[in-house]
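Visitor: Protein chains in written order, with my numbering: chain F, 6 to 328; chain U, 1106 to 1392; chain D, 215 to 483.
In short, the hints are calculated from the structure, not lab data.
There's no promise every hint is true.
Said to hold, decoys possible - Straight-line alpha carbon distances no greater than 30 Å define the calculated DSSO-like cross-link-like pairs of lysine-lysine that follow:
1. F:197 to U:1390
2. D:306 to F:313
3. D:306 to F:188
4. U:1385 to F:197
5. F:197 to D:349
6. D:324 to D:283
7. D:349 to U:1385
8. U:1390 to D:306
9. D:248 to D:389
10. D:406 to D:283
11. D:389 to F:188
Stated by the list, open to error - The following residues of chain F were derived to be distant from chain D, with all beta-carbon distances above 12 Å:
12. 86
13. 116
14. 132
15. 146
16. 162
17. 187
18. 197
19. 199
20. 220
21. 242
22. 275
23. 280
24. 287
25. 298
Idealized CB from N, CA, C, for every residue including glycine.
Listed here are the chains, written in short residue letters.
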Amino acid sequence: MKTARRNQYLWMGALFVFLALVPLFADNNYYITILNQMVINMIVVFGLNFITGLTGQMNLGTAGIYAIGAYTSALLSKNFGLSPWLTMIASVCAGFLLGRGLGYPSLKMKGVYLSLTTLAFSEIVRIFATNLIDITGGTQGLKSIPRFSVGWIALDTNTKYFYFILVVAIAMCLLSIRITDSKWGREFRAVKDNQDAIESLGLDIRRIKIRAFTLAAMYGAFGGALYAHFNGYITSLSFTTDLSINYVIILMVGGIGNILGNMIGSIVVTLLPELLRFLGDYYQITYCILVLASALFLPDGLISLYGKVMGVFNKRSVAEGGE
Amino acid sequence: MSIIMQLIISGIAMGFIYALVGIEYTLIWNASGVLNFSHDKLITLGAYIFGGTYILALKMGFVQGILLSLLTVAIVGVIIARTIFIPLRNLTMIYTIMATVMLGKIIVEGIRLFWGPVPFSVPGFLVGTVKIGKVVISRANIAIIITAFICVCALQLFLYKTKPGKAMRCVAQNRNAAQLMGIDVKTVMVTTVAISMIICCLIGVLVSPLLNISTTMSNMIGLKGFAAGVIGGFGYLPGAIIGGLVIGIVENFASMIFPSVYKDIAAFVLLVAFLLIRPKGITGKTR
Amino acid sequence: MDNPEVVLEVLDLVKRFDGLVAVDHLNFKVRRGKIHALIGPNGAGKTTTVNMITGENPQTEGDVLFEGKSISGRPVYARAQMGIGRTFQNIKLFSAMTVTENLMIGGQSKTTQSLLKYLADFRSARKEERHLREKAKEVLNFIGMYQYRDEIVNNLAYGRQKMTELGRTLMGEPKLILLDEPAAGLNPSERKEFIEIIQKVFETGVDMFLIEHNMDVVMNLSHDITVLNFGCKIAEGNPKEILVNEEVISAYLGEGYRRKMAKGAEGNA
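So here's chain F without its partners, still in its complex pose (with noise of 0.2 Å):
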């Protein structure tokens, strides 16, 4: 048990080493572009993996959470001059309120109705978005969203950004390893198993619902804010409903609630449309059909094939593949 969870983290470990290495063979802008996207859907899909993959609560707001993040920081940055690195502690900052204020009304009761609230949150955010146009660009979006530097190192190419988010990935990955091997993670993957036993053992099944849905708004935000400072441009018309659902998609191609399996997905699912283009008009349904038949056929994600694998090799098989 304890090996396989060893061997989770060098997989992990393995991963960044690739991602860090695949700038030095392909400088190109096109790739760079995709890594850095492909990081950021990592960072907001560790964040995602706490309610939705963790807890088991269905959370349908990434867009919005996303949107909130990136509007934060980029109109405090470029209107007030405010360095970007406030400005996207100020984004945390939001997803932290986010998650609060969203969380309770909506947690307050078993079923469906993050979901719908989700939803909803994220269209009000994104009407919002579109109509007021003297604050937020509109649909014409918001340009010129300044790039920072680290240190004495400006990160003015897309490379030296990539490899800055990388490293916050990183951070963001122990962060969350560091979370969910705790008592909270242990509560979290509680009230996904079994939710009537919870609150009789003394625990607020409220507070634990709110505590994963606050981290995920709180990742998604800063993801979000990354994301504004890398294109420089952003624009409500990015900020739907498919944003969300394919959030949710890297989560559950890779597998859920399994940091690992969230990196793999971020990494299959930033690359399949790519990957997909040559079917033209088709490409579309193919990439729907494919997670459709994800959903049905491999609903532990592609995490669980590697303990398949693995337990041909050796017999005893990775029981907690999907911890």
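For chain F, the structure is supplied; the task is to place chains U and D on it using the hints.
Guide: Positioned in the frame of chain F, the structure of chains U and D alone reads:
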């Protein structure tokens, strides 16, 4: 004064649309425990089958077109029920939600490939207005109110007077017990999805005079239908109707006070407000 | 008001479901240092009563006092924190986790560390976790489950799962444990073991309130018995008194049981 009357009537008309949406997904929710996130796309599909194929391509009469559309979607419903909803009924929520979301996206892509990406409208279908006293009402709104009313009554009759309807209610009450009592739950689910599809198609047909027929035409209707369910009392059919009407009327009045682009937000604000103050909805009954 | 002799008291407890009265003006006291049993035929309102005490399904009327204080209106987790532990009729464990993890969650409401402090201070974080693990180990030894500590709960036999649930409850250091049909579904040897463990737990100073169908278990364990029928209390007393109570015999035990008990008593004598 007549403006307020007009707002109320068009609010009631839209409210009935939301109510039908609420009914359509609540039926499936009660029968299978699956929250159907593809329902807005199924509405769109109904509109395309009616407008795109039977009216514009095959040049049929409206009545003929509607009847054939309903028949077509019922058959599609049977297929979807067998391939998607029955396998999904025992999975946890995240998979059922994602599978229906992906089903919706597949339908949209199918529509785009089959009917093309350009929005269109059905010429001559329920256009024009009727004047009653000082109040001007569009024909589409009258058609919506009458059809929705008939639809709700027919559904009540079906659920309470016919054998398949009673079986549906039993399954909604307790799926396991119904199965033990010898009710074929799978057949009930197929019937439910087919009926739900028929309602979806009716919604699609009814809103086609108000909105252009396009792949995104029913996104908002679908979301507000969910809100209607929560506001009325989730999983409770009369609740969905009441919730729908409340949203329809409130958002019309909201557009008097706020800029009309924010009209769509009213439903979601109501949703969150209800969750905070009265999470069980107006009727206080949830499942 | 505060009576040190009484740990739990219910006053005129009423529960109605849509006009159906499930429990009707029920009164009883659970004395400190005693095992109290609630018995009665199916549908008498026993589990309903437990759910009113824990707050999972609060009463329509009446009051519940724990250690002299009213706990009506308090949420389930708050009552659990005050020291009311419970087990469920149909086990409610975290089935995808190990036995140890289940127990650790049971002890978590007693831990104090905040998330921020945990993230900042590695050492004290590890200390708290180690402490929890040690405590789980002690409890597992106490209930004879140590050898199963790393098993996934789902893979355990029913009797072991029941024991795990009891262990998880013990981790919260309850003052009173409500046992909902502890012997149901156990085979005779498992039942015997379970009774022994309950005795052992009781001897450490935990009061017990149990619902049980198996009369042997009830007669062996309990000091006080309350008998329910159709939501009303029909008798109260020690096991000997209950056994000879005519109303209890006709409503619940039946003639056969009396004859069997009489024979058993002769045999013992």
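Visitor: Hint by hint, note whether the structure agrees.
Guide: Status of the hints after comparison with the structure:
{"no.": "1", "hint": "F:197 to U:1390", "result": "25 Å, holds"}
{"no.": "2", "hint": "D:306 to F:313", "result": "29 Å, holds"}
{"no.": "3", "hint": "D:306 to F:188", "result": "19 Å, holds"}
{"no.": "4", "hint": "U:1385 to F:197", "result": "23 Å, holds"}
{"no.": "5", "hint": "F:197 to D:349", "result": "24 Å, holds"}
{"no.": "6", "hint": "D:324 to D:283", "result": "21 Å, holds"}
{"no.": "7", "hint": "D:349 to U:1385", "result": "41 Å, violated"}
{"no.": "8", "hint": "U:1390 to D:306", "result": "27 Å, holds"}
{"no.": "9", "hint": "D:248 to D:389", "result": "12 Å, holds"}
{"no.": "10", "hint": "D:406 to D:283", "result": "36 Å, violated"}
{"no.": "11", "hint": "D:389 to F:188", "result": "24 Å, holds"}
{"no.": "12", "hint": "86", "result": "30 Å, holds"}
{"no.": "13", "hint": "116", "result": "17 Å, holds"}
{"no.": "14", "hint": "132", "result": "34 Å, holds"}
{"no.": "15", "hint": "146", "result": "36 Å, holds"}
{"no.": "16", "hint": "162", "result": "33 Å, holds"}
{"no.": "17", "hint": "187", "result": "6 Å, violated"}
{"no.": "18", "hint": "197", "result": "8 Å, violated"}
{"no.": "19", "hint": "199", "result": "5 Å, violated"}
{"no.": "20", "hint": "220", "result": "9 Å, violated"}
{"no.": "21", "hint": "242", "result": "36 Å, holds"}
{"no.": "22", "hint": "275", "result": "28 Å, holds"}
{"no.": "23", "hint": "280", "result": "34 Å, holds"}
{"no.": "24", "hint": "287", "result": "39 Å, holds"}
{"no.": "25", "hint": "298", "result": "25 Å, holds"}
Consistency note: the structure conflicts with the earlier hints numbered 7, 10, 17, 18, 19, 20.
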